[in-house]
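Visitor: Read off the chains here:
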Amino acid sequence: MHSFHENIPKALSLLSVEPDPKFRRELQDRLTSLTSARVEVRFSATALDALRLFQRHSFDAILIDAALWETPGVAFIRQLAPVVLLADDPSQMAGVERQASGGPEFLVKSKAEGRLLVRVIEHAIERKRIHDRHRLTEERVQAILDNTTAVIYLKDTRGRYQLVNRQFEQIFHVTREWVLNKTDYDLFPAEVAWAFQANDRKVLETRGPLEFEEAAVQDGQPRTYISVKFPLCDIAGAPYAICGISTDITERKLTETKLIKANIELLEMNRELARSEEALKKTWQELHASHVELKAAQLQLIQAEKLECIGQLAAGVAHEVKNPIQTILMGLDYLTGSGPADETSAAVLTDMRDAVRRADAIVRDLLNLSAAQQLEMAEESLNQAIEQSLGLVNYELVRSRVRAVRELGPDLPKVRIDRTKIQQAFINVFMNAIHAMPNGGTLTVRTSARDRLPAGLREAFGSQSFLPDEPVLLTEIQDNGIGIPVEKLPKIFEPFFTTKPSGAGTGLGLPVTKKIIELHGGAIDIRPGPEGGVRVTIALKAAALTERRAEPQTIELGKHYA
Amino acid sequence: MHKRRILVVDDEVSFTRLLKLNLERTQQYEVRVENWAEDAFKSVCEFRPDLIILDVIMPRMAGGDVVGQIKTHPGFKKLPILFLSAAISRHRVKEHGGVLNGFPFLAKPASLDEVIHGIESSLASTHRPEGRSMPCSNEPVAEAAAVSTAV
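Residue numbers (my numbering), protein chains in the order written: chain A, 1 to 562; chain B, 563 to 713.
The following block holds chain B by itself, in its conformation from the complex (with noise of 0.2 Å):
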């Protein structure tokens, strides 16, 4: 069985190292780091990964924009997104039963078993993400718009 493709987008760079560490060590898991926000979109292109782990306050780039910018390229509409962040706090996740806007969230600081648990319950409820081969683009909503011209 092939290992995950998670892609950490977070501007902490220890944690993420960290984090990576964790994951990598369980043979579950490839992760790739990615640690400026508004690079996520080439990095997901390039690592074309099965579940994104995306901070929210970051410099330059806030996590929904990221998301904004994947989720208008076709290709990435349903690949999952998992949040991490600091900006809410856990009891408010939980009372919104660990789901924000339509996303699963989990409040830093988080435990690795929190995080894995994240990333297999996202996964469990999203199909495999098709068009792997799909092209990318630094403007997704132009392209978005081509592709589908195109078709």
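Just chain A, with the same shape it has in the complex (with noise of 0.2 Å):
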């Protein structure tokens, strides 16, 4: 206890409320006499003295009788200085509220004395002290817990209210004072009131922090909040409260729902977007496709007319034709035959000749234009009909020196073909590769058995010439001449068109052999070569594949064009 006295470095200095005179006296000589402290006292006879004495001195602590407790001014002063309650015996003090801190000391005046009285006022100052600082830390506390817009209450075990913050207060529309040990059944609906508890024996089970989203009603509107709980432990790590921070999150939750919707929507969107758009893109592709289908068959179309026309027309007039240049013939062969011509006589009537030969030429290849009905089909070997093309010729070769160059695979399979007609075709594009090459050069005649036909040739032929999956003989002629102009490619097959010196050609050579190929059932393509020339591929089908029978065929000499 001496020690304690040490830690007052200055005089005490104390008011007295005390309306007995003779009480007064004792107790100045009972402080004064005091050795182990310094005391100062001044005395109040009444509680207006005393309030008058408060508002111009400062005290340490206040001495209270107790008759004089509920008096206005004491009530008044005693809140805001440590006291000390004097009484004539233990009864006085029943009447008087004794608070968890901050109260009064007690003091029966008869013990009133010496040390116990100083040891009581110490204690007063210390309990106020301590009041006033967990009152500031309360305060402050409260403050902040007021001014947050979450909603803060703390419950106890057994889920009684011991705190609310204003926020619960006005959403729940409750005083704090009214909420205190009520429970969350006195508050809500009972399926609510459920729920929440639930969730508080959650958090004393785990002893520790959960967050749960929370539904509550609030003035007859439900919101959501998320609730972060937490039990709050004695020393002993016992629960004895829970603390709920609880934020409404409904507006959140409801943009978020919203941006949710929103945003599978907007997916939605995007992907109805893609899909319309690749349906666009195929659909484009498509028409494309078909367009440039369109085109081609109605470029085939057109050209087949043509053809079709002039092998008409060649059919009607040939026999025409013939018989007018057989006389020039007839009638250059007596010129040629009556005697000796001059030099220049002798040259006009070559010209004369070539005319006549270039002129049956033209009908010849006119008329083979219309020879639709007229193929004698037959297995042949397609090698062997090249071998016999290329031998009809030989003399071009020879003279153009141009090298035939023979890969011709084995073992092909046969092929259903008019082989006159075919060797026709074949001579056609071998003409037309000398011709190419006037300067020698090689032509290459390649053939093959393919399963199907490569890629790049189905593109070319289209889809209607082959199946899929059908078997095919390939010849390839491949020149190393002067090639063909890309830009003069699609009209190649135009009857008349011709790349040659005016004269040297008919401009019917290819019309013929693509007339003659398809009628084979096969086709013809022709691109510049990968290494210069031009490239003729052709396909046929192989025999097994084309069971059209031959027309055995006669030449009826007398009904022929009746």
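Don't take every hint at face value.
To be verified - Stretch-level coverage of chain A by chain B, calculated; a stretch enters the list once three of its residues show a Cβ under 8 Å from a Cβ in chain B:
{"hint": "1", "region": "12-21"}
{"hint": "2", "region": "330-343"}
Said to hold, decoys possible - Derived, one-sided and incomplete: chain B residues facing chain A with beta-carbon distance under 10 Å:
{"hint": "3", "residue": "D572"}
{"hint": "4", "residue": "S576"}
{"hint": "5", "residue": "R579"}
{"hint": "6", "residue": "R587"}
{"hint": "7", "residue": "T588"}
{"hint": "8", "residue": "E592"}
{"hint": "9", "residue": "E608"}
{"hint": "10", "residue": "I619"}
{"hint": "11", "residue": "A649"}
{"hint": "12", "residue": "S651"}
{"hint": "13", "residue": "R652"}
{"hint": "14", "residue": "P671"}
If you're looking for bench data, these hints aren't it; they were derived computationally from the structure.
Quick caveat, the model's predicted, so the values are computed rather than measured.
Every residue gets a Cβ at the ideal spot worked out from N, C-alpha and C, and that includes glycine.
Combine both chains into one complex, guided by the hints.
Guide: The following block contains the structure:
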């Protein structure tokens, strides 16, 4: 106890509110006789006096007689300073409300002497100090609690509210006084209260903070809260309360839901867009493809029509043209045989003979265009047909110093062809190649059997010519001559189109060739060769697949053109 | 050596005239021209040719029918006939080895050399026709039947 007194550096300044003059004197004596502490006391007999003194001086503590405890002036000052209540006997103290902290110390007057009194006073001071500090903390905490937008509350382990903040009061229209010791069942519909308490129980079981999404009803409207709840534990670690901090996320959640929904819609729209874009692209491609196909078909149709027309015309007039040609030829023969002509006349005759030959060739080619019904099909060897065709142009090959290279595939299946016609087609192609190499070159002829048409050719031929998995025999004829300009490729099958010098070709060779190949159910492709020149590819169906029976054909000399 | 008698049956007047000129200039042939197919048989009977050069497409009567008329007459069964026609292409003729339906054939236009070659080949592969004095009739089938019965 000694050390305790030494901690009080200055004299204790006391105010005594004591109506009894006898006890005032006694108290004065008791305090001033103290050797252990220095004490200064001011006395007031009434509450009014006390108030006056209190305003003028500062006191470490106030000693109040129980009789004056409830008087207004005393009731005021006892809030502001440490207080010791002095009573004549303990029964007087019963009426005084004891508070958890900051309340008065009690002392029976008969025992209020010496060291005990000082100790009680000092205790009161200490308690007041603690109480004030505690209240300050509480006020600060309350201020923080009250000024947050979250709903904060404290419940004991039996679910009774011990503390709520202003937000709680405002939202649920209650006062903190009313809500004290109430449970959730007093505030909310039973199912909501049950859910809250269920969460509380989880927190108590877990003994750690948990987060919940809780639904409450506010002003008849459902609200969603995100609640962080955690237990408050005593020193032994036993939970004695649950604190909850709930944040209204109704708007956020609504927005979130809307956002999610909007996002989903957006995604869906995006997908839709992608889909329609894809569809559009596909439609466009299909459109484009059919357009290209249509154009090709149209071109083919025009060409075919042209050829057909020319063929029919040719058939009609060939005879009528050939006869005059025959007459001219006879005339030429006559003139040639009429004795020695001068040099110029001889040249004229030669020119005329050439002209007759050319006219004859044109008529011949024109007639070939109309030869649709005249195929004489038989199973033949493709390689043989090519050899024979090469044999027939041998003179031209030698004259133009063109080397013929044969790369003929072994063991090729047979083809059903009109050999003469196919040979004519080959010869036309060979002659074109030879004409493209006036200064010599190499003519390569390659044959091969394929399980199906190579992709590049399928494109060139279109879908009509061959089935997807139809075996074909390919003949590639490659020259290394002057080549053909790409822009002229689309026209090469047109009748009377020729790149040769005027008079050198009839302009019917390729149309006739194409016609012949197509009559055989085959196809022909002409394109620049990979190493210059021109590459012609002819595809024919293998024999097993062309079951068309050859019509035995006789030439009727009598009724032929009847 | 006497000249071979060639009957040319063709409706092309200018051609037949030139062919005749050309052939006769060789001093090898005596040529008679018949521009009317329906008169061909009569000409055969009168001219008694060693060989007939016959067109196919002619107005009123085709070459094949002319052959039918001539060949049914027993006296002319082996008379060589060389077709010379624009009806069939040179290429096709060549393809058939120059023979169509059993007859040598030349496609128009044919040069003089080709014609002469055709004539000579046909004559070489044929016996000289017998029965030069066989009477002719405009109804060869009936006549032929009558003759065979008489013999």
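Visitor: If a hint holds in the structure, say so; if it doesn't, say that too.
Guide: Hint check results:
With 0 residues having a Cβ less than 8 Å from any Cβ of chain B, the region 12-21 of chain A misses the three-residue criterion, and the hint is violated. Three residues within the 8 Å Cβ limit are the bar, and the region 330-343 of chain A against chain B gives 5, so the coverage statement holds. Taking 10 Å as the C-beta cut-off, the interface hint given for B:D572 holds, the closest approach to chain A being about 9 Å. For the restraint placing B:S576 at the interface with chain A, the shortest Cβ-Cβ distance is roughly 5 Å, inside the 10 Å limit, so the hint holds.
Restraint check, B:R579 versus chain A: the minimum CB separation of about 9 Å is within 10 Å; hint holds. Annotation: B:R587 was flagged as interfacial toward chain A, and the flag holds, the nearest CB pair being 6 Å apart, inside 10 Å. Taking 10 Å as the C-beta contact cut-off toward chain A, the hint placing B:T588 at the interface holds, the least distance being around 8 Å. The restraint placing B:E592 at the interface with chain A is violated, with a minimum CB-CB distance near 17 Å, outside the 10 Å limit.
Below 10 Å, beta-carbon pairs count as interface contacts, and B:E608 has none with chain A, the closest being about 24 Å; its hint is therefore violated. Interface hint status for B:I619: upheld, as the beta-carbon distance to the closest one in chain A is roughly 5 Å, under 10 Å. Interface hint status for B:A649: upheld, as the beta-carbon distance to the closest one in chain A is roughly 5 Å, under 10 Å. The interface hint given for B:S651 is met, as the beta carbon of that residue sits about 6 Å from the closest beta carbon of chain A, less than 10 Å.
At about 7 Å, the closest approach between the beta carbon of B:R652 and any beta carbon in chain A falls short of 10 Å, and the interface hint on this residue holds. Of the supplied interface hints, the one on B:P671 holds, with its beta-carbon coming within about 4 Å of a beta-carbon of chain A, less than 10 Å.
In the structure shown, a violation is registered for the earlier hints numbered 1, 8 and 9, in ascending order.
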